[in-house]
Amino acid sequence: MISAYIPGESWFHRISAGPKLLGLCALTVLLFPVDKPGIAALAFSVALVLFSAVGWEGYRRLMALRPVVYLLVFLLIFHALTGTFVSGLVTVFRLFTMILLATLVTFTTRMEDMLDALNPVLTPLNFIGISSRRIALAIALVIRFTPVLIGLAEELGAAYRARTGKRAGPRLTAPFAVLALRTADHVSEALAARGGADGFEDTAEFDGGLPKK
Amino acid sequence: MSDVTVERGGHVVIANLSLILDESRIAIVGLNGSGKSTLVRTFNGLISPSGGEVVVHGIDVGKAPKAAARAVGFVFQNPDHQIIFPTVAEDVAFGLRQIGYSKADARGMAVAMLREYGCDDWADRPISELSEGQKHLVCILSVLAMEPEVLVLDEPFSSLDIAVRQNLLSRLKSLRQQIIMINHDLDAFDGFERMIWLKDGTVHADGAPSAVAPLYRLHAMQMAENLAPKNL
Numbered sequence: 001m002i003s004a005y006i007p008g009e010s011w012f013h014r015i016s017a018g019p020k021l022l023g024l025c026a027l028t029v030l031l032f033p034v035d036k037p038g039i040a041a042l043a044f045s046v047a048l049v050l051f052s053a054v055g056w057e058g059y060r061r062l063m064a065l066r067p068v069v070y071l072l073v074f075l076l077i078f079h080a081l082t083g084t085f086v087s088g089l090v091t092v093f094r095l096f097t098m099i100l101l102a103t104l105v106t107f108t109t110r111m112e113d114m115l116d117a118l119n120p121v122l123t124p125l126n127f128i129g130i131s132s133r134r135i136a137l138a139i140a141l142v143i144r145f146t147p148v149l150i151g152l153a154e155e156l157g158a159a160y161r162a163r164t165g166k167r168a169g170p171r172l173t174a175p176f177a178v179l180a181l182r183t184a185d186h187v188s189e190a191l192a193a194r195g196g197a198d199g200f201e202d203t204a205e206f207d208g209g210l211p212k213k
Numbered sequence: 001m002s003d004v005t006v007e008r009g010g011h012v013v014i015a016n017l018s019l020i021l022d023e024s025r026i027a028i029v030g031l032n033g034s035g036k037s038t039l040v041r042t043f044n045g046l047i048s049p050s051g052g053e054v055v056v057h058g059i060d061v062g063k064a065p066k067a068a069a070r071a072v073g074f075v076f077q078n079p080d081h082q083i084i085f086p087t088v089a090e091d092v093a094f095g096l097r098q099i100g101y102s103k104a105d106a107r108g109m110a111v112a113m114l115r116e117y118g119c120d121d122w123a124d125r126p127i128s129e130l131s132e133g134q135k136h137l138v139c140i141l142s143v144l145a146m147e148p149e150v151l152v153l154d155e156p157f158s159s160l161d162i163a164v165r166q167n168l169l170s171r172l173k174s175l176r177q178q179i180i181m182i183n184h185d186l187d188a189f190d191g192f193e194r195m196i197w198l199k200d201g202t203v204h205a206d207g208a209p210s211a212v213a214p215l216y217r218l219h220a221m222q223m224a225e226n227l228a229p230k231n232l
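For the protein sequence lines, the chains are U and Z, in the order given. If you count the first sequence from 1, position 101 lands on 101 in this note's numbering, and the numbers rise without skipping. If you count the second sequence from 1, position 146 lands on 146 in this note's numbering, and the numbers rise without skipping.
A few of these clues could be false.
[To be verified] Result set (SDA-like, lysine to any residue): computed pairs, CA atoms no more than 25 Å apart in a straight line:
#1 Z:K103 x U:W11
#2 Z:K103 x U:R133
#3 Z:K63 x U:L191
#4 Z:K103 x U:V68
#5 Z:K103 x U:V178
#6 Z:K63 x U:E189
#7 Z:K103 x U:A64
#8 Z:K103 x Z:R125
#9 Z:K103 x U:E9
#10 Z:K103 x U:P67
#11 Z:K103 x U:K166
#12 Z:K63 x U:I6
#13 Z:K199 x Z:K103
#14 Z:K103 x U:H13
#15 Z:K230 x U:V178
#16 Z:K103 x Z:E147
#17 Z:K173 x U:G199
#18 Z:K199 x Z:K63
#19 Z:K103 x U:G8
#20 U:K166 x U:R14
#21 Z:K103 x U:G199
#22 Z:K103 x U:P120
#23 Z:K103 x U:L118
#24 Z:K103 x U:I15
Note that these hints are calculated values from the structure, not bench results.
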């Protein structure tokens with residue numbers, strides 16, 4: 001889930017990003033063939049307990065996942081109607097477990113560490129001309145600008161409500177897109193001012209006493 | 001800079017401008033559309049002039065825009081457009097990694113810098129939880145961390161209350177860097193040595209702020225009375 005890091009010193013924070021991501025992968029693979037609701041429920045409770053590593057703040061932020069809960073409830077109803085309630089239950093527990101654990105990893109890992117952990121996986125892309133550095137940057141930008149864009153959308157919606165008294169709904173899609181693109185222009189300018197996506201490593205012609213490695 | 005002309009969308013924004021900017025605190029004023037933002041964007045290669053050349057600390061910006069961007073730190077109007085990373089230390093460290101420091105060094109330096117400015121516990125704070133003033137400070141620190149020679153500020157702090165703005169301005173005063181600042185609020189230029197008044201892409205007045213500011217203020221007041229809606 002796209003949500004910010006929760007600063008802390010818990011044992012889960014101290015595990016480095018690589019093992020956490022690998023562990024998450026391994027658990028996903030292990031959980032996949034599980035078909036007993038008991039085991040799935042157990043996995044879910046363990047995930048809930050592990051989640052205590054991020055304390056109350058973590059549980060509070062979980063509220064943001066409400067839409068996912070609706071989706072899972074819908075999934076369960078669908079299974080019940082088609083007469084596969086038990087396998088539906090297993091699926092829901094399994095998905096809940098994975099979401100909880102993935103969120104836990106996100107909450108306890110700094111963005112920067114996460115990207116560095118991903119670097120070896122992304123490096124092969126360099127051979128086909130895609131810079132892993134750019135992908136890492138793109139991921140960081142998405143995370144940074146999700147709340148900014150949500151804020152913009154809220155402002156736009158409030159401006160509409162202020163003048164019409166109605167909720168805007170999908171009507172504001174086009175103006176929002178324009179606003180988002182304009183923001184993107186500003187951001188790319190600011191990024192260019194700090195050396196662009198590839199940094200300053202190719203500025204050998206200039207070293208007028210500036211600190212450089 | 002000599003003989004610089006910038007055209008955008010078919011019309012001339014900066015016309016044959018030649019300036020030598022060597023004072024340590026330079027103010028740039030002018031009404032909207034006078035070419036202020038365009039002018040400062042030629043200093044670090046964000047905008048390329050269609051004629052003339054810009055040289056910053058010996059670097060020809062046209063030939064080496066990256067090196068110029070390295071020498072010129074840029075603080076934009078809206079911090080939400082400038083801060084690229086989700087947490088404070090990451091954003092400050094980003095510039096350092098851009099100039100080649102290792103991840104660990106960059107983080108160490110970023111944290112040390114935050115401590116120096118009394119923001120010890122900010123390192124892992126999400127940007128979205130900072131106040132506007134705090135975001136502006138992060139923008140400045142992120143740029144200063146890269147040790148530029150020149151700091152350009154394009155209408156900074158316009159969304160801040162007077163107290164926070166004054167605080168940030170006084171932090172700028174002690175910096176070793178040359179500062180070139182665009183602002184509409186003339187009070188922000190306390191202690192500046194030179195004021196350049198741009199009008200229609202050329203220099204309308206240039207001199208000590210004590211001489212230029214009253215003229216500019218008078219002009220702006222006269223304009224205010226005669227502005228038609230199409231000129232707002």
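Kindly indicate which numbered hints from before are broken by the structure, ordering the numbers from low to high. Failing hints, ascending: 4, 5, 7, 10, 11, 12, 13, 17, 18 and 20.
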